[in-house]
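Protein chains in written order, with numbering that gives the first Met the number 0: chain A, 0 to 467; chain B, 0 to 298; chain C, 0 to 300.
Do not rely on the hints blindly, as some may be mistaken.
Claimed, not checked - Here are the simulated lysine-lysine pairs, DSS-like style, with alpha carbons at most 25 Å apart:
(1) C/K73 <-> B/K138
(2) C/K184 <-> B/K5
(3) B/K3 <-> C/K184
(4) B/K152 <-> A/K218
(5) B/K152 <-> A/K196
(6) B/K3 <-> C/K125
(7) A/K203 <-> B/K138
(8) A/K259 <-> B/K152
(9) A/K464 <-> A/K141
(10) A/K141 <-> A/K74
(11) B/K152 <-> A/K420
(12) A/K367 <-> A/K141
(13) B/K5 <-> C/K125
(14) B/K138 <-> B/K152
As the list claims (entries may be wrong) - Here are the in silico distance ranges between beta carbons for each label pair:
(15) A/I138 <-> B/I72: 42 to 48 Å
(16) C/A61 <-> B/P46: 49 to 55 Å
(17) C/A96 <-> A/E256: 53 to 59 Å
Stated by the list, open to error - Partial pick of chain A residues on the chain B-facing surface, computed with a CB cut under 8 Å:
(18) D99
(19) K259
(20) Y262
(21) G270
(22) E272
(23) Q282
(24) E410
(25) D416
(26) F419
(27) L423
Quick caveat, the hints were computed from the structure, so don't treat them as lab data.
Only a predicted model underlies this, so the values are computations on that prediction, with no experimental measurement involved.
By construction, the Cβ of each residue, glycine as well, lies at the ideal position given by its N, Cα and C atoms.
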Amino acid sequence: MQKKWLGLGMSLILATVIAGCSGNDSNGNGASATNGPSEGTKATPTAEANKPPVTLKYWTDDRHDQEYINEMINKFNETNEDNIKVELTVMSENYAQSVDIAFSSNQAPDVLRLKGANTPVFFKKGYLEPIDGFLTDDIKAKFDKVILDGVNRFDDKVYSLANNGQTLRLVYNKDLFAKAGIENPPASLQEMVDAAKKITEAGKSEGVYGFALNFKNPKSAFDRSIREILSLSGHQGLGFDLKTGQFDFAPYSQVIEYFKQMYADGSILPGAESLDIDPLRAQFAAGKIGMYLSFSTEPGVYKDQFPTEINWGGALAPTIDGQIKGKSEIVSAGTWLGISAQSANKEAAWTFMQYMYGDEILKSYHEKGFGIAVVPAIVEQAANPDINGMEGFLVGEHDSIWPVAPTVTPEGANYADAFFKYVLAGGDLQAITTDLNARYNDALSKAVEKGEVSVTPNPAFDPTKPQG
Amino acid sequence: MNLKWKRFGENSLFLSPSIILTAVLGVYPLIWMLRYMFYDYVGYGEPLFIGLENFRRVMRDGLFWESVGNTFIYAGGKLVITLPISLLLAVILNGKLRGGNLLRGIYFMPTIISTAVISVVFYTIFNSYNGMVNTALMKLNLVSQPVDWLGTKYAMFTLILVAVWGAVGNYMLLFLAGLQGIPQDLYESASIDGANAGRKFWNITLPMLAPVAQLVIMLAIIASLKGYESIMLITEGGPIGKTEVMYLYLYKLLFPVATGMPVEQQLGYGSAVGFVTAVIVGAITGLYFLLSRKMNKMY
Amino acid sequence: MNEQVLSRRPERKGDKSTIGLDSGRAGRIVGRTVMWLFLLVTAALTVFPLLMTLSGSLKTGAEMMTGGSLLPAKMQFSNYAEAWRQANFARYTWNSAFISIIATIGSLLVASMAAYVVDRRQFPGKAIFVTTQASLMFISVGAIVLRPQFDLMVVLNLNTTLWGVILILISAHSSTFFLLLGFFKAIPRELDEAAMVDGSGFMRTFFLIVLPLLTPGLGVAGLFEFRHAWNQYILPLVFTMTNPELQPLTVGLANLRYGSSAAMQIHLMMAGACLSILPMLLVYILANKSFIQVTSGSVKG
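If we strip away everything but chain A, and leave its shape as in the complex, we get (with noise of 0.2 Å):
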């Protein structure tokens, strides 16, 4: 009697189990009958009228220029003939846990934004549908100089374009280094500690410090100063090495020694450990930071986001030792719209993309400050955006676009986790950056052999022309 019950719970749980999964499989099929590149897809009819209606979903993780992406989207939905309607989704910090999920439940959205950290991940997860197909010979001119290996070309298929990148300096408050009476943002790391140092001793009394950042998520922190610090003075910013192919984090340990000596000096906001980097931006406004460094978005956060009074502006990154060795990286420049595998209306989804890449949309995207242009086309012709603090922030002879580094997951804590537990609690740096390049150059070695990554050393490699 027992055995007898037993079973027929197992073949209840059995029969759901099965319905659910035939469930499934249809939709599997479904799924992967759009799957192959562009062959269905392009079969579909192309007549011009009565169209069926086409929904669109557009996922980003970008805020500081919804208004202007809501704008052109409600644009196209309006004007385009071909009955397609594209719905914007705007994530927050979960965006690309988000996206996972989404891949893994068929509801993936059909255009995704893509940065230049995420697109080598989203290739290898199969995310994305290559574009190959759609480029016709005047967008290829248009963007022929942009199209790049590992960050929007993979394995000879083109993923994504170009549109805007990121160029990072130090942002500081003028009128907290008048105070201090220091003339010039530092040049030199050694300045940088002296200056926060002093801007601290000048402002203590009124809740005021010389530095802060994101400390909160110390990859993100890291991210947006010392990959800039690096750059300028000469090495690849995430701890790469581009002439060996390998990781190697001594310059990276030779500019946290720097960050380490302003904890130790009380210079940094007291809370910048819990700190993320809106809260941060506040507190820039209401004129409680002296410097932190940041991307090419801060102007227009300083317009919209926080409007504030003070003096501020932004300058070019202090480098190791005060001589600029290489050029400053412009970030996440290959990579902007890219459409997803799993997407249904791929044509659809070309179309809308095609309208975003116009000439009208990536001038005004530059000049409206949401990000520096770097299309040849669009630089020719856009004026330089009218915002206040834009100006520290434009493309100049220091700056260029970087060969990507591999993106890797290694066993344990990443390099920003472990060089910020030196900061705040000491150690043996030489131990800290011995055992990271260990652990990285480990798991790239495990990475190149499923074939995940490729690694090409260039022993050339000049970090005054990181473009060769």
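Chain A is fixed; fit chains B and C onto it per the hints.
Frame of chain A; chains B and C shown alone:
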């Protein structure tokens, strides 16, 4: 036979919703975990069988063991502060007291509020640059400059305070329930014998409360080892991992918290960590269970 | 799992003083003072964060950002209207209510049916069933179960609705099951046996005769379940990540930290926190008595 089948049908009808839901959403995920803890699986591509490698990795994963240590500090701290306060409140409120009902209502209030909501609030009032706790302390001249409540030194302490805030009322009520089960005549006859309040507490209240207290403490241990929502929302385990606890570490392996940066979902490794974590919690619970039984025998 | 568990008899004995303070008079006064000090300080600390939330919800965004004052310079009641409309709290509240109500009813139904059979009948596998329910209360493997649960919901096509979250909440009904089991034991068997003899069917007996007698138990278990569902965070966070319009209050509120709209608006966040606490507070005040009684009853035995 007919009746037997009828009863069988009725039983099945009444039990099947529970059985199906439990099996599919309660037991199956455990089996899933038991399977994938032997695989290298990062959420895409084919899972690769790697035997015990994930467990070897757990063994050498310093961050995980640090989080285990932090979990003990967090749970221990929470228990050591919460339980005495709860017990004291319960003992006092068990007596006749003006306004006792109102006070009980106030102490219990935190337990009806979502941990997530109150954590968001606690972050805002504890942060050192514009938090209201510092404002209040400075207005009262208790401190001269902002205290870095969420910094390396005090973050764990602050999180424990938040946990205590949310838990005191709950355990107070549970103790109160236990106290009300103690027969009044014991106290009365003790009074006749001339025992004072302290003697009564040690000789009557504590021993009589012991069985209930054992259960309450067991629940408290499990709950405090498991809690990580408020940590996730207040410090995300930082700074420099000082407040990382086991379950938060596990959550981050599966849903990496990183600004706009995709990181691999460590499903295989996460399964192994989940298993080890459950074993650790199970071992502590079991150990406590054995100890409390031994104590029982001593009485 | 709730922190309170199992069992029966939600009745209590009369309140009588258990600590007679009969040493010296001076000692008694000191003791009283210390006791009241302790009670009041604890009460103040308990209420402080809630008052700060209330005060914050009435400040302007600028006041919140720069800190400084404890009380708002001028009450900004419009924050609430703004949170309700602009920050989408109307939607979040609806989602929270939907999840909580259905999950509560669902788990009460599932658990009471199972508990009834377990209490009244013998059946093969009973020990296995009860042991499984009990062990599920004590095994906690953390967030890892979310992935297989999510995959299952994808298979069932429920991942784009709130039903996925609801089903998972209902599936975790062990503590409700044991709580109700305790209450069933207190209902005399003779009662339903008599009804059956009178020709009332099994279903009829359960729903029309036994269940009404179970009302106190259902009330208690329902309150716990409702509180549990209303306060969920991580489960709905993961399940609604791709569908912001499905988010409940807890998730919507926590996401406001990142200010997905124009700026980070802490004052709206505080208003939202108040809004999200309010319904639970109402339920609590209305059911205060049974809440406390029940919690009391739940540890005995």
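To see whether the hints hold, each was checked on the structure:
For a cut-off of 25 Å, the pair hint linking C/K73 to B/K138 stands: about 20 Å separates their Cα positions. As the CA atoms of C/K184 and B/K5 are separated by approximately 24 Å, the hinted pair is consistent with the 25 Å bound. Restraint check for B/K3 and C/K184: satisfied, since their Cα atoms lie roughly 24 Å apart, inside the 25 Å limit. Taking the CA atoms of B/K152 and A/K218, the gap is near 21 Å; set against the 25 Å cutoff, the hint holds.
At roughly 22 Å between alpha-carbon atoms, B/K152 and A/K196 fall within 25 Å of each other, so this suggested pair holds. Of the supplied pair hints, the one linking B/K3 and C/K125 holds, its CA atoms being roughly 16 Å apart against a limit of 25 Å. Distance check on the hinted pair: A/K203 and B/K138 sit about 18 Å apart at the alpha-carbon level, within 25 Å; holds. Distance hint between A/K259 and B/K152 is fulfilled; the C-alpha atoms sit about 17 Å from each other, no more than 25 Å.
Between the alpha carbons of A/K464 and A/K141 the distance comes to roughly 22 Å, so the proposed pair stays at or under 25 Å and holds. A C-alpha spacing of about 24 Å is found between A/K141 and A/K74, which places the hinted pair at or below 25 Å, so the restraint holds. For the proposed pair B/K152 and A/K420, the alpha carbon gap of about 13 Å is at most 25 Å, so the pair holds. Annotation: proposed proximity of A/K367 to A/K141 holds, straight-line Cα distance about 21 Å (limit 25 Å).
Proximity of B/K5 to C/K125 is assessed by CA-CA distance (about 18 Å); at most 25 Å being required, the pair is judged to hold. Under the criterion of a C-alpha separation no larger than 25 Å, the hint pairing B/K138 with B/K152 is consistent with the structure, at around 23 Å. Between A/I138 and B/I72, the C-beta spacing of about 58 Å breaks the proposed range 42 to 48 Å. For the pair C/A61 and B/P46, the supplied restraint of 49 to 55 Å holds, since their beta-carbon distance comes to about 52 Å.
About 55 Å separates the C-beta atoms of C/A96 and A/E256, a value consistent with the hinted range of 53 to 59 Å. A hinted interface residue such as A/D99 counts as satisfied when its beta carbon comes closer than 8 Å to some beta carbon of chain B; here the least separation is about 6 Å, so the hint holds. Given the 8 Å rule on beta carbons, the hint for A/K259 is violated: about 13 Å separates it from the nearest Cβ of chain B. Checking A/Y262 against chain B by beta carbon gives a least distance of about 10 Å; that is not within 8 Å, so the hint is violated.
The closest approach between the C-beta of A/G270 and any C-beta of chain B is roughly 3 Å, which is under the 8 Å cut-off, so the hint is satisfied. With 8 Å as the threshold, the beta carbon of A/E272 comes within range of chain B, its nearest partner Cβ sitting at about 3 Å, so the hint holds. Interface restraint check for A/Q282: the shortest CB-CB distance to chain B comes to about 6 Å, inside 8 Å, so the restraint holds. At a threshold of 8 Å, the smallest CB-CB gap from A/E410 to chain B is about 7 Å, leaving the interface hint in force.
Restraint check, A/D416 versus chain B: the minimum CB separation of about 7 Å is within 8 Å; hint holds. Hint on A/F419 holds. Least Cβ distance to chain B is approximately 6 Å, under the 8 Å limit. Residue-level restraint check for A/L423 holds (minimum Cβ-Cβ distance to chain B is 5 Å; threshold 8 Å).
Checked against the numbered hints given earlier, the structure breaks hints 15, 19 and 20 and satisfies all the rest.
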